[in-house]
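Enquirer: This is what each chain is made of:
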Amino acid sequence: MQIVDVKEKWTNRINTVTLGATKAEGGTRAKTVTIGGETTLPFLTFEGEIPNPPAVAGLVVDVVPEDWPDVLKQAIGKEINSPVEWAQKAVRDWKVDLICLKLLGPDPLGRNLSADHAAKTVKDVLSAVDVPLIIWGCGDLQKDNEILPACSQAARGENCLIGPATDKNYRTLAAIGKADKHKLIGEAPVDINIAKQINILLQDAGFDIKDVVMCQVTAALGYGFDYVYTIFERVRIAGLKGDKHMALPQIANVGWETWKVKEAIADEDVLPGWGKLEQRGPRWEAATAAGYIQAGADILTLAHPESIAVTKQTISELMEK
Amino acid sequence: MILIGERINTGFKDIKQAVLDKNPAPLQDWAKKQAEAGAHYLDVNLGAVSGKPEDMIWMIEQVQAVVDTPISIDTNKLAILNEAIKVCKRPPLLNSTTCSPEKLNPFVELCVQHNASMIGLAMDETSSPKEAAKRVEFAGVITAAWMEAGLPMERLFLDPIVMPVKFMQDQGKEFLEAARQFQMLSDPPPNISCGLSNIASKATEKKLINRTFLVMAIAAGVNAVICDVLDVDLINAAKTAELLMNREIYADAYLQKS
Numbered sequence: 001m002q003i004v005d006v007k008e009k010w011t012n013r014i015n016t017v018t019l020g021a022t023k024a025e026g027g028t029r030a031k032t033v034t035i036g037g038e039t040t041l042p043f044l045t046f047e048g049e050i051p052n053p054p055a056v057a058g059l060v061v062d063v064v065p066e067d068w069p070d071v072l073k074q075a076i077g078k079e080i081n082s083p084v085e086w087a088q089k090a091v092r093d094w095k096v097d098l099i100c101l102k103l104l105g106p107d108p109l110g111r112n113l114s115a116d117h118a119a120k121t122v123k124d125v126l127s128a129v130d131v132p133l134i135i136w137g138c139g140d141l142q143k144d145n146e147i148l149p150a151c152s153q154a155a156r157g158e159n160c161l162i163g164p165a166t167d168k169n170y171r172t173l174a175a176i177g178k179a180d181k182h183k184l185i186g187e188a189p190v191d192i193n194i195a196k197q198i199n200i201l202l203q204d205a206g207f208d209i210k211d212v213v214m215c216q217v218t219a220a221l222g223y224g225f226d227y228v229y230t231i232f233e234r235v236r237i238a239g240l241k242g243d244k245h246m247a248l249p250q251i252a253n254v255g256w257e258t259w260k261v262k263e264a265i266a267d268e269d270v271l272p273g274w275g276k277l278e279q280r281g282p283r284w285e286a287a288t289a290a291g292y293i294q295a296g297a298d299i300l301t302l303a304h305p306e307s308i309a310v311t312k313q314t315i316s317e318l319m320e321k
Numbered sequence: 001m002i003l004i005g006e007r008i009n010t011g012f013k014d015i016k017q018a019v020l021d022k023n024p025a026p027l028q029d030w031a032k033k034q035a036e037a038g039a040h041y042l043d044v045n046l047g048a049v050s051g052k053p054e055d056m057i058w059m060i061e062q063v064q065a066v067v068d069t070p071i072s073i074d075t076n077k078l079a080i081l082n083e084a085i086k087v088c089k090r091p092p093l094l095n096s097t098t099c100s101p102e103k104l105n106p107f108v109e110l111c112v113q114h115n116a117s118m119i120g121l122a123m124d125e126t127s128s129p130k131e132a133a134k135r136v137e138f139a140g141v142i143t144a145a146w147m148e149a150g151l152p153m154e155r156l157f158l159d160p161i162v163m164p165v166k167f168m169q170d171q172g173k174e175f176l177e178a179a180r181q182f183q184m185l186s187d188p189p190p191n192i193s194c195g196l197s198n199i200a201s202k203a204t205e206k207k208l209i210n211r212t213f214l215v216m217a218i219a220a221g222v223n224a225v226i227c228d229v230l231d232v233d234l235i236n237a238a239k240t241a242e243l244l245m246n247r248e249i250y251a252d253a254y255l256q257k258s
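If you read the protein sequences in the order shown, they are chains P and E.
Quick note: the first sequence, position 3, residue 3 per my numbering, numbers continuous.
Quick note: the second sequence, position 223, residue 223 per my numbering, numbers continuous.
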């Protein structure tokens, strides 16, 4: 009896995006990171190619988030008080592929730090580490429109990944991305139609969507993870089928989203029977990351050194042929 | 939607004159305009102007000099096809064969040798069937030959044959029924294509008839069309129909060029 061949044949390849610029390329990075290029769904290497492993970005925040639990702050160490030292430790000790610098300080609802301050932080981190940099705004679109152009200019030529570009601020982001030669994160609020719309808008604004990485506003495990998972997957399937507006690599901002949910921040005194937060927190983060890897994430941001280690291990096992 | 640009055809006066004068400009102009409009293939048809393979080769070379869109070699003459296929820079689409073995077999063989795709017409050498059932039978013959050769379905295009509404008004429904049934010939199904302009042959309201029929054809499973790719209303209607069939992901700006 002939066994039916169930292999899927996809017609398209996901875009390949390289982050960081070496000296020869006009930047100062010692190495670059390349993501994307898939011709099949995650790790189905019998069907197609997964040429680049998902990259792990160490999450560094310019000011220490108030609601982060002590177990996370202690695991990061005293370096948490300096984005420069924190980034150095993530590269040196935790061997992250790149750094994701989250600019929380400028948030008008928080410390409302200036654009100059943000740009200086970017510059300092860039001179302290030699891996590529992701620059993530505070989320207040008006403030981001002030700080991100300053940060972009400060990082000119370094081929950073900057975001988020949304349907409200995409023109500013497209302009700075083009002017300073950076890649962009297109972000949609857990909505595949808006995700596609943003890519079309960025393209319309003259920004090449081959230089865009999509973000579906990551949800932590237990907080809509399944919705985001299916969007990741549907985006990838549409991209592999030939939809050029969906054939983009995707980023999951796992660290930032995980360390706000009660399962990752409340200890046994609040959640009796849930086990010690010291173990549960990093596991929650690593489990969320493992899920997004299977959904098609090309970059994962992670905060806790243990979940960074576990996720790197997961990726290397999945990449084994 | 796989778009095959119809315009480089000696049925159009400017192309006919250009081929007679060996003047590349009109061919290259249409090649660029159609490629810019998003054509996936450019149909090149020598028609009755000449029976010489070198004339077809000349046409293809003029097109390939300005765009890298793959060619749809529009001829049923094997003598021309055998030579023309050799000069194609990218795997072409062979347009087209019937289900008669003396034509079908060499076409399939060429597809094997040249990595090419092929349009198979649901007809034999004698006539075009009136009923959907006969079209399905002929399409089945083509699909079987394709599968036997071990070729992938994404390179096979089956054409249920469009007839002019003005002269054969009962044939529209038969076409649509045949297209529906073609999808069941294999899994994954073959592509289903149509030469659209025939539907409005000699009719008034050509554009409206083309557009309406294409939308109906898409709903019946058609996913490839030989048409005027510069007709913006037509292409927008096709994009909208594809969305409504859930073949594309919706975005507010879905009509923007990709």
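There may be inaccurate statements among the hints.
Claimed, not checked - Calculated pairs, EDC-like style, for lysine to aspartate or glutamate (alpha carbon to alpha carbon, straight line, at most 16 Å):
{"hint": "1", "chain 1": "P", "residue 1": "K9", "chain 2": "E", "residue 2": "E154"}
{"hint": "2", "chain 1": "P", "residue 1": "K9", "chain 2": "E", "residue 2": "D187"}
{"hint": "3", "chain 1": "P", "residue 1": "K241", "chain 2": "E", "residue 2": "E242"}
{"hint": "4", "chain 1": "P", "residue 1": "K168", "chain 2": "E", "residue 2": "E242"}
{"hint": "5", "chain 1": "P", "residue 1": "K241", "chain 2": "E", "residue 2": "E154"}
{"hint": "6", "chain 1": "E", "residue 1": "K239", "chain 2": "P", "residue 2": "D243"}
{"hint": "7", "chain 1": "P", "residue 1": "K143", "chain 2": "P", "residue 2": "D180"}
Worth flagging that the hints you see were computed from the coordinates, not collected in a lab.
Enquirer: Taking 16 Å as the top limit, are the C-alpha atoms of K9/P and D187/E close enough?
Expert: holds (12 Å)
Enquirer: Is the hinted pair K9/P and E154/E satisfied, with a Cα-Cα distance of at most 16 Å?
Expert: holds (9 Å)
Enquirer: Check the hint pairing K241/P with E154/E against an upper bound of 16 Å on the C-alpha distance.
Expert: holds (11 Å)
Enquirer: Sort out whether E242/E lies within 16 Å of K241/P, counting only the CA atoms.
Expert: holds (14 Å)
Enquirer: Within a Cα-Cα threshold of 16 Å, do K239/E and D243/P meet the stated pairing?
Expert: The given pair, whose Cα atoms are some 12 Å apart, holds under the 16 Å limit.
Enquirer: CA of K143/P to CA of D180/P, is that 16 Å or under?
Expert: violated (19 Å)
Enquirer: Given the hint that K168/P pairs with E242/E, test it: the Cα-Cα distance must not exceed 16 Å.
Expert: Measuring from Cα to Cα gives roughly 28 Å; hence the hint is violated.
Violated hints, in rising order: 4, 7; the structure is consistent with all others.
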